[in-house]
Each structure stands twice: as structure tokens, then as C-alpha cells.
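Student: Each chain, letter by letter, is given below.
Protein chains: 2
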Amino acid sequence: MGARTEGALVWDKRDDMVVHESEPYNAEPPRGALADQVLTATDTFYSRNHGPIPRLEPTSWRLRVDGMVDGARDFSLDQLRTEFAAHTVLATLQCAGNRRAGLIEVRDIPGEDPWGPGATSTAQWSGVRLSDVLAAAGLSPGAAHIAFDAPDVSQLADPPQSYGASIPVHKALGAETLLAWAMNNQPLPAVHGAPVRVVVPGHIGARSVKWVQRITAQRQPSDNYFQATAYRLLPAEADPSDGLSLGAVAVNSDILRPDDGASLPAGPTEVAGYALAGGDRGVARVDVSVDGGRTWRQAELDDQRSPWAWQHWRCTLTLPGGEVEIIARAWDTSAAAQPESPAQLWNPKGYVNNSWARVHVTVDR
Amino acid sequence: MGARTEGALVWDKRDDMVVHESEPYNAEPPRGALADQVLTATDTFYSRNHGPIPRLEPTSWRLRVDGMVDGARDFSLDQLRTEFAAHTVLATLQCAGNRRAGLIEVRDIPGEDPWGPGATSTAQWSGVRLSDVLAAAGLSPGAAHIAFDAPDVSQLADPPQSYGASIPVHKALGAETLLAWAMNNQPLPAVHGAPVRVVVPGHIGARSVKWVQRITAQRQPSDNYFQATAYRLLPAEADPSDGLSLGAVAVNSDILRPDDGASLPAGPTEVAGYALAGGDRGVARVDVSVDGGRTWRQAELDDQRSPWAWQHWRCTLTLPGGEVEIIARAWDTSAAAQPESPAQLWNPKGYVNNSWARVHVTVDR
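If you read the protein sequences in the order shown, they are chains A and B. My numbering applies: residue 1 is where the first sequence begins, and numbers increase by one. My numbering applies: residue 1 is where the second sequence begins, and numbers increase by one.
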């Protein structure tokens, strides 16, 4: 509980955050806290860090844009605000480790936090389009990747190094990709990347680099540890030299209510949760089953409020008495469905568990 | 066998096409015919039709572009060739019913053809960009969908009507979306849509309308039967008013060699197949298992020759003697994997079977 209190106090998070680590600070809200709300309150938004959280002075902060551009440029926060049009995007961020706990149940994943469904949150992000800043610097046609560097040094990297990532240039030029200084209409807090962070909707959270201080246009992906080595989906029998570098997010969902392990009275129960389809896809349908997937009911799905945001869903069921497993699965607009088994998705770093969502409850007879 | 011969003669297809129907002509190549080749020969390319195949006179053919444009325009084939830059795209088309046979094994799907893995083929398509033609007509900003109409009348539609479809405007404006008059560097044959067809890479084949004669910019999707009613993924317990309108293709793969049911000598066996990821995704990895999915080996995956084309893969295995099930599954660049079970994907019209690929062989002991 010490860690929880400390994190909540220092980073203005709610008291009941599930703190996986306090240094670096890694915390997610409890399952139920995300239910029903399109927008996640800033004090509830998950926080994933790889090193100490920098506290940067906005007035002295500078953003360098270099590499394959006409000439390197430095921008102050004031310059970003005055030289470019402001844009706001409603977007969900999801950590690649979201729902890792379900993979750890299959086989342990030493050294990685057992994130639940709460490493997924949604905010209104405001700032400038990355594409506008790149255009101002004169992006060269041969640039294929846009790399980001931040000042937070991670001792977990091999070798220890500051955080970095990159995204393909076509994603960097998307109107949805921002350099954001505000979150839910308030200045970005330190724990979420103040004064300015990258927001890459539809891609894993690791690419939305916080405290960004350098943007480099280049031919190749970033060679930073967190792009080149971590955040790769390795085969179950890992060859660490190999693996899929994670970018766009696969269709996923989880059940937010009732809580896993809940005891419920007999009678109608409302089951509710979120669903998310990454990249350029949307959520098309969510199904719920209480008989192990033999039959499914369709949940009521909220309208899509933004192409880059999750959608909440709900379904009222009369559950049988006793121990019940509630299962949910989402389909995206390409008719891709969540796969059934976490065992089939197990991977050495525990990324991208998008197997069927399951909670277990006890219902009065 | 009569139907096979007739189709082959009339439509210049290879003799061993698997003809599901001769009127309308619906045929796919045998499993092995697709192996290894990036390009599918035109006489091997699958053909999916909903009505009699029109034979149009290229010189009198006109393309009308209307709806939410500055003014309706009519284009002759000569005008398309001379007024716009020509482009060639290597792209795979895949019928939404590809691999339906695997769903029919779960539960019958009356009135739908049991397509195998061969309703997937790849060609070099040459023509003009749809976006260039829309720009020439002055596309209105409010247009959200681009609808296509063709002259082939389908008696299978309710009510009987000529074929039509639509795609979202952002896909219509993609540089990959063509009005094509050539296939594999030869004039488009009648059976593939001469004189001009739409090619929508990354989306289900049904949107690549053959013999296109009208293009309409509009606010809503097409109300043609084949957009509004057919080609929708319905829940297993169907409510026919509902369902997901199919567009981008989900990650899929199949085994092309050895053939299903083959008898093999003991010793090393090369397993080969294709994998395809639709929309803006690529194929990231293909795994092969001979123990029911308990362990997997990674196949060797060909380089991506085009963002819109399948990738072939192969893997040399020493199979145990006796009856063996060979399984393959692909992962796309968002780390989405093919789901395991066709039973979980069964749907009333039998679309989008992207469950694990499986062939059964007998190996000498």
C-alpha cells in the first residue's frame, strides 16, 4: 500500500490505482474504473514508464527536428502554439502489455508486470499535427521513419539509455498523429509527458513518446532499445534476434463490469466493457457468452465517437447460479475476431494478449 | 466434368479449374496451382460471378461519373488512357467466401458454394487511379462513399438486379485503387471485367467491380443488394437485418502443398502456402504445427513484393508416419493472429473463414 499511496500523491492519481511498480511508476486503474466512460479522467489514465519521470521546464524546453529535412529546426513550446494550427483528437492509448496477466496465467513471464485490462485509457489530446511540423522542417521524400527521443533514462534497457521509438512516415503524416501539450483540456501533467508528448492513435502506447525532445526523419526505424529490441512479439520458442516489431494494435476487448471474482445476486446482471480496433479499423461487433463460447449474444455497442477511440458495450444477462465464466470477444471492421486461447498467444515478453476476455463470478442460486 | 470443360473452353481457364457453378461461372484453381508464384497466371485466376458474363465492346463502352461531383462526366476507354497517367499495382484479390468449405464442415450453408483456398489470386493490374478520375470530375467534400454499377444482372439478388458495390471515399482516394484495363500486361479478358474493372486492393473481391460502367459519389454506401444485404458477416444466430458489411480483409493463410488428402513418402516434406493481410497491414510471420498447435515452427516467408499482395511461405518438416494434420497460421503486422477454430467463425453466409489452415496427409512409416 505504501507504493500506492506514494504514486497517488506524487502523480495525482486516484488512490485505488493498481501500482505494479513505483520506480519507475507503472500503474493502471482498477477494472471497474474504466467502465462506461468514453473519456478516462486524467487521474485514472494508466501510466507506463521505463525510467524516472522527468520534470521539465516548459519555457526552456526545445524540440529539435532533424535528420532527412531541409534543415534542422528547433521549436519552443510558444513557437509550436503560434506557428501551427491546433488540433484535438479523441484517442485511446493501449500498452502492448495490456492484459499480460492472462498470459502469465498460462506460463510465467519473469521481469514483466502483470497488467490487467486497465493499461488502456482514452483522452482528448490537443496540440499540433506532427505532419505540419515535419512539413515546416522540409521533410525529404526518402525519409521512411520518424524517430522520437526523450530524456528519461531507463536502467532496464540494454545498455541503459534514454527512451526512444519510431513510426513509419505514413503514420507520422496522418492527421491523427499529434505533438500534444494538453490532455482532457488541461496542460499535460508530468507523468503523461509534459510539456509535449507524441500521440500516435491506433498504435501501441510505446510509440506515443512522452517528454519528446527530438524528432529525426530517417531511412530506418529507430535503433533505440525500445524500438529495436523491446516491444517485439517473439515466437513462443524465442529467438531474441527475431520477432515482430509492434505498431498498429490488434482488435481487443475486456469486461469491466462485473469485476473478476465478484459475487452477484440472482437476477439480471449488466455486463459491460470496452472494445478497441487499432490502425485504420473500427469495432464492428461484440459478442458475449456464458456457455464457454457455444452460443453468443450480441452486446449493445456505443457509437464510435472517434475513429481512434475505444467503444464501450453492455449486455444484460440472467446468469445461471453458481460459478460462471463470462466471455466477450470483439470483431473489427475487417471481420477479424479476437482469438480464443491465451495459450496460443503466449510469447516471451507477454505482449498483445487479445484473446477472448473472461471474468469469473459467483451467482447466488 | 461437363461444366469444367465448358468453363475452361469459354473463359480461357485451365482444364483443372474447380468449377463450383457454370452459370453463373464460379471457379477456382486447384490448391497446388497457386503455390510458390507471386503472380497468378490469368488462366488460373479465380472467377466469381453473380450473373452472366457481359461481353462489352471496348470502343462503345462509356464510364459515367456522377453524383456528388462538379458535373457528371462520361469517359471513353481512349479518354481514360490519354487523360490520366497509367499505373500498375501488384495486388491480390480474395473472395469473402474463400475457404468457406471449412465452415461448411462445421454446419451446412445451403445455397453457397464450397470455395476452397483458391478464391485468392494475384495479378499485375494496370489502368488509372480512381482518385485521378474523381478529381477530374470534381469530387465534392461531402462525398463519403464511391459506388460502382455494372451491367451484369444477377437473378440471385433479391430482387434481381445488376451488380453494384461501394467503398469508403478514403479507400477510393488511395493510390492503390485503380480502374484497370489490363491484367498481367494483357488486356483484361471478359471473364475478369473487360473493358474496365475496379481493383480495390486489400478489400474483399466483391468491391472490385467488373465491367464498371458508372461511378457515383454519394453520402451513403450503395443500396445495391450486394452491398446492402449480401457480403455481410451475420451473427451465427442470424438477424438478417443486421451484420457487418465486409470491406478490408482479415489476416488469412492456407496450405497449398502438400494437397489435402495426399499420401507422402517418409522423409523431409516441404510445406508451402500463402498468407495475406488486408487493409493497410502486412504479413509478419507464419507458423506451422504438426502437433495440433502445441508447438510451432516459423516458416520462411517471402519478401513483400507489394503492400497489396500475398506472400508465399515454406517450411521443410519431417512428418511422423501415419495420419498427420498440418496446421498453419499467419500473424499480421498488428500482431493479430488467425483464430483457431472454424466453429467459432461459422456464420450464415459463410464469409471470412480465416481460422487456422489445416490439411490432412498420410505419411509412410
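Check each hint, because a few of them may be wrong.
Claimed, not checked - Here's a subset of chain B near chain A, in silico, CB distances under 7 Å, partners left out: (1) Ala228; (2) Thr229; (3) Leu233; (4) Pro235; (5) Ala250; (6) Pro265; (7) Pro268; (8) Glu270; (9) Gly279; (10) Gly282; (11) Ala284; (12) Pro348; (13) Val352.
Since the hints were made in silico from the structure, they are not lab data. Yeah, the Cβ is synthetic: ideal placement off N, Cα and C, and Gly gets one too.
Student: Return the numbers of the hints above that this structure violates; sort them in rising order.
Tutor: 1, 2, 6, 7, 8, 10 and 12
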